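Fit chain B to the known structure of chain A by using the hints.
Heads up: the protein sequence lines correspond to chains A and B, in order.
Using our numbering, you'd call the opening residue of the first sequence number 1 and step up by one each time.
Using our numbering, you'd call the opening residue of the second sequence number 326 and step up by one each time.
Derived from the structure by calculation, the hints contain no laboratory data.
Careful: at least some of the hints might be erroneous.
Derived pair list, reagent style BS3-like, types lysine-lysine, alpha-carbon separation capped at 25 Å [to be verified]:
id : chain 1 : residue 1 : chain 2 : residue 2
1  : B       : Lys559    : B       : Lys626
2  : A       : Lys113    : B       : Lys472
3  : B       : Lys518    : A       : Lys130
4  : A       : Lys113    : A       : Lys282
5  : B       : Lys562    : B       : Lys538
6  : A       : Lys130    : B       : Lys523
7  : B       : Lys538    : A       : Lys130
8  : B       : Lys555    : B       : Lys518
9  : B       : Lys555    : A       : Lys130
10 : B       : Lys559    : A       : Lys130
If you're wondering where the values come from, they're calculated on a predicted model, not measured in any experiment.
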Amino acid sequence: MATLLAPEDFSPGEDAMALNKAFEGWGTDEKNIIWILGHRNADQRKQIRLAYQEIYLEDLIKKLKYELSGDLERAVCHWILDPVEREAVLAYESIIRNYRPDYRVILETALMKSAEELLTVKRTYQFLYKRSLEEDVASHTSGDMRKFLVAVVSVYRYEGEEIEEEVAHSEANILGDEIQGGGGCGGGGALNGAEEIIRILSTRSRPQLLATFNYYKRIHGTSITKSLDGDPADEFSAALRAAIQCIKNPKRYLQKVVHNSINRLGTEEDALSRVIVTRAEKDLKEMKDVYLKKNGRSLEDAVASETTGDYKAFLLTLLGNQDYF
Amino acid sequence: MAERKKITILVRRGKKLNQEGEKIMTSPEECEALRKAFSGPHGVEEKSMLEILVKCNLADLTTFRKNSPYIFLDDACRFEKWDPFHMKSLEIEFLRFQRAVIQRTMHPWERDALLVRKSLEEKPPLYNLLIELACTRTSDEFLGARKAFQCLYSESVEEFVAVKVQGFQRRLLVALVSTYRYEGMRIDEAAIKLECQKLGRAIKTDQNNEIEKDDEVLRILTTRSKHHLKTIHKCYKEAYDSNLEEDLDGIQILRDTVNCLCAPPIYFSKILDTAMSVCPTEQEKEALTRVIVTRTDVDMKEIAAEFNREYGAPLIDRIEAAALGNYRDFLVALVKRGMAN
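Bound-form chain B, shown alone:
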């Protein structure tokens, strides 16, 4: 009786009540915002957590837990238990900003050396990451990473890759991490014509996707300068009316190699799109941090332009939709900064 009276008084006073009739301090909209703050997919919304959680009383929290079936499990324990999988994800999401900050402040050589190590220690190995590092950095930048790798792990990158990778991928990957490419603009027109034809022939006659075994294809991709390769790419398009990397589509590592060497913005905008797609793996998600942090000083403008062209939406808009909190603000600021350079 007294209970009902209490509730009536509270309702008359315009106070909110939950299903059990307990007083709550937050609105359903705030509840929803809090849920979003915990749900990623990239980062956490610290501001919401700070403001809304502070307002919450115990009744609010119960309501929140009951209405968040993806975060809390209503199971036999007779209380709403944190889903352990979600808790694990949340740990990672909280760390996303920290990781971005550490990557940004780390010396590029150390950063790239750690990434090289990681690329082949993950299961399954991330060949595209290794290719990205070896091909999108300048010769001297990657050399620095090789030196840092020796410092950190007491062995050379070449030894490490050669032992970790078998078969045909080994030849390509060891050569890509070993070479010290000429970075100048001088090219040999005759050699380019000849090599363009060689590539064309090798691709057209390749029956069983065995082109990665072709000595000449490997030689051209792993020793020629980037300017030389970009010119071959152009020559190939004129001669065969298609893009070299598309014709190499059957073998992902060759396709990635060509993209990273000839048109990094295309490669980077693709992996950014994958990172912000519906169900990326953790590895794919990490590319968002890595690409923004490492390219803001290099070719962010071109990447953003390519992204817009290919996916029909500005990069910043996509990041703002996919990421939360400090992490989102950090990335957006880095993109803006890169575009202004």
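The shape of chain A in the complex, shown without the other chains:
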């Protein structure tokens, strides 16, 4: 369930004018911007963008980029986008902006949606950037990481519920050979080649993969993610683990991303913003419950204690917190 609180009744024109007022003068009235935009759903935000363009002949996003700064600016500018456009923009920024693409963003983009949804994101990406997502991921990565990310982003996964038990069993064995054949049980060693693990993770349907992971645990006595645990500097293994966790339990995976980012604030605001902004209209409520269970405190408390200022206000608003104002 969504955590966003948006009124039924609203006037895009009035909102556009109120936003413009917030931009006027020496400073910027961030509180008002947060109050308005933080309480509008995707459709409403789209109408506000259109109204602003009509009235002031300016792109609202450009204006926000100019008037806001830092973490708040990035979060709000992502928030205001239409969800599909946002996914494409996040993917693009994660590939192009950084020294190395953030594989977590690519994996979240590819694995947390249906085949059709991913296709829509890819089409939007092509429309915005005049290149395919595959070619950008490919040209900014190398080696096994490239093979894996490109495969995962390209696939049009089968979405039926059927499972072939024999195949799941045999592929669990194949995975075991590749993972453990390279350096002993429980990780620590490098993978014994990665062809099969990439093939299986990037082509099989989700139900088929879940069955395979179950067999893996039964056969090898340990979960596949534990087997892949190893040198934290080994990004490829980390990407494989992240992908498997994403496939197994997306909400728990996201909760972990948020938890890690809160503990590493100063370097990880992007991850925190990304999760909250992308899930506020989807299933942030369930994620909050998982977070509470796992960490013993609510996500709002964690955000409130670890972030500051208007950025904090914005995140809390999206989390459905009315008390802050």
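Chain B alone, transformed into the frame defined by chain A:
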């Protein structure tokens, strides 16, 4: 005595006789035409069969059988037996028109999904067919085929190809069937220059035909847009004074990939020529139907022009020489229609 008298009377009346002196209704020319009608190599001549066979009496048929050593075997059974191999071929030739009609009427997605399946279930597998399907269709057309494949076989194309193909071909083929290429015209000149150099270097330094293992070559071929690749092809020609696909000649699947992506008419006219050559396999023959039926709405004009240029004869003339009956007429009509578009 009476027999001889009968024969003399018949000869005087100008009636034809076979070797045994029996009356026959068909001329040697008609016999020859009938033989041709049964002999392919592409289709059957229904008209001849209809007209001539109806005229034939039993004596004609005996003569026909005795004079068609490739169709009937004169063996120990003391009668002219149908060669079972020829009978099997004839079944296929009769079906050729039917298959063309079904392919033409089938939804392109279903048609391509069935062809993808077939390409890897045949022994030996037909990698060039898979490459043709993945590379000559637009991104959305092939996506449709992928969806149809899931509908028909309850698994994705990616899973299927990944399991069926091993080794280095797997990387190329899985990537080719998975990618959703940008179909627009925007290109990055700097990237093209760089990638052209990378390809050139990879080809020149390749000692053991191992270029298909090269990560960068695979990346460029399997992710870049068609327009980008065509521009690289041009750039490569200017830089190295040779065609990219010719320099990749050592590895057929790479050569086919480049042709299908950069110049489909060249690829298609080549397989049309093979289909109508002297001794094609059944797989090679089927390409005649497939190419004409699938390209009549796309680039038939370019294919016909390329065919003429490369093989010195108009495509229609070659088809008329190689194919028979309704099948021939159907193909020729489709080619003409495609050229008029």
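Hint by hint, here is what the structure shows:
no., hint, in the structure
1, B:Lys559 with B:Lys626, "holds, 22 Å"
2, A:Lys113 with B:Lys472, "holds, 17 Å"
3, B:Lys518 with A:Lys130, "holds, 18 Å"
4, A:Lys113 with A:Lys282, "holds, 12 Å"
5, B:Lys562 with B:Lys538, "holds, 23 Å"
6, A:Lys130 with B:Lys523, "holds, 22 Å"
7, B:Lys538 with A:Lys130, "violated, 28 Å"
8, B:Lys555 with B:Lys518, "holds, 12 Å"
9, B:Lys555 with A:Lys130, "holds, 16 Å"
10, B:Lys559 with A:Lys130, "holds, 21 Å"
In the structure shown, a violation is registered for the earlier hint numbered 7 alone.
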